[in-house]
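**Student:** If you read the sequences in order, they're chains A and B. Residue numbers are given in my numbering: position 81 of the first sequence equals residue 81, and the series is strictly consecutive. Residue numbers are given in my numbering: position 102 of the second sequence equals residue 102, and the series is strictly consecutive.
The set of hints was computed from the structure by calculation and includes no laboratory data. Take the hints with a grain of salt, since some may be wrong.
[What the hints assert, rightly or not] Using C-beta positions, here's what the derived DEER-type ranges look like: (1) B/78 <-> A/27: 26 to 34 Å; (2) A/111 <-> B/57: 27 to 35 Å; (3) A/57 <-> B/98: 18 to 26 Å; (4) B/84 <-> A/41: 19 to 27 Å; (5) B/14 <-> A/76: 45 to 53 Å; (6) B/20 <-> A/58: 37 to 45 Å; (7) A/65 <-> B/54: 35 to 43 Å; (8) A/55 <-> B/56: 26 to 34 Å; (9) B/22 <-> A/65: 39 to 47 Å.
A virtual CB, placed ideally from N, CA and C, is assigned to each residue, including glycine.
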Amino acid sequence: GQSLEQPSEVTAVEGAIVQINCTYQTSGFYGLSWYQQHDGGAPTFLSYNALDGLEETGRFSSFLSRSDSYGYLLLQELQMKDSASYFCAVRDPTGNTPLVFGKGTRLSVIA
Amino acid sequence: GAGVSQSPSNKVTEKGKDVELRCDPISGHTALYWYRQRLGQGLEFLIYFQGNSAPDKSGLPSDRFSAERTGESVSTLTIQRTQQEDSAVYLCASSLIGTNYEQYFGPGTRLTVT
Numbered sequence: 001g002q003s004l005e006q007p008s009e010v011t012a013v014e015g016a017i018v019q020i021n022c023t024y025q026t027s028g029f030y031g032l033s034w035y036q037q038h039d040g041g042a043p044t045f046l047s048y049n050a051l052d053g054l055e056e057t058g059r060f061s062s063f064l065s066r067s068d069s070y071g072y073l074l075l076q077e078l079q080m081k082d083s084a085s086y087f088c089a090v091r092d093p094t095g096n097t098p099l100v101f102g103k104g105t106r107l108s109v110i111a
Numbered sequence: 001g002a003g004v005s006q007s008p009s010n011k012v013t014e015k016g017k018d019v020e021l022r023c024d025p026i027s028g029h030t031a032l033y034w035y036r037q038r039l040g041q042g043l044e045f046l047i048y049f050q051g052n053s054a055p056d057k058s059g060l061p062s063d064r065f066s067a068e069r070t071g072e073s074v075s076t077l078t079i080q081r082t083q084q085e086d087s088a089v090y091l092c093a094s095s096l097i098g099t100n101y102e103q104y105f106g107p108g109t110r111l112t113v114t
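Just chain A, same shape as in the assembly (with noise of 0.2 Å):
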C-alpha cells in the first residue's frame, strides 16, 4: 500500500523558522517532491528531493533521507504569505499514479 504521514496543522510566529515533516511507506521510491497551496488556489510546485540530503531555494529547503523514509520541508524568515497548505507527494513508478500526495499541513503563521 501506499501511505504518507504530515501533521493536519502547524503554527508559526512570522519571522520564524519551520519544519514540516513527512514520512511515507510506498511500494516503491523515486523521490519526494513538495506543494504549496494557498486557500482557494491551485498547488504550486516547491521542490524535489530525489536523492538524500538537503536542497535549498531560497527561504524554503527540503531534506530527504530514503533510509528513514523520511522527509521535510524547512521555511526560515517567515512571512504571513506563506500561511497555505503544504502537501508531500511521492513518487512511486509502482502505483496507478506517478506522484502520490499526502494529506497536507495547514500553515498558520501569526503575527
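For chain A, the structure is supplied; the task is to place chain B on it using the hints.
**Tutor:** Then chain B, alone, in the frame of chain A:
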C-alpha cells in the same frame, strides 16, 4: 507560454445531471492528470494520460466517471448522473513525461451538486 486552463471555473448542477469538465494543458506537456479535492482535504488522484498510452482508470471512483484526451492536448472529465458526494474542486495538472514530480496545476473547477 500560458499555464494550465480549466473550464468552467464553477459549475452548479442538479443531482442526476451529467457534467463535463475541460482541461487545456501547457503546450508540449505530454502528461496530464486529474485530481479531486474535497473542502479542506488532500488531493485524490483520478486518472492520468501519458502520451498516446491508454490511461489507467483504476483511480476513478465509480463507473460514472470517465475521461478522454485528444492527442496531447485537451482533456475532458465527464461525470454522469451526478451525486451530492461528487461536489468538490476538480484539478487538472500537466507535466513533461520525464518530470512527473513537477506538475503544473490549473485553477480547478468547483463543482456543486444540489
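**Student:** For which of the previously enumerated hints does the structure constitute a violation, in increasing order of number?
**Tutor:** 2
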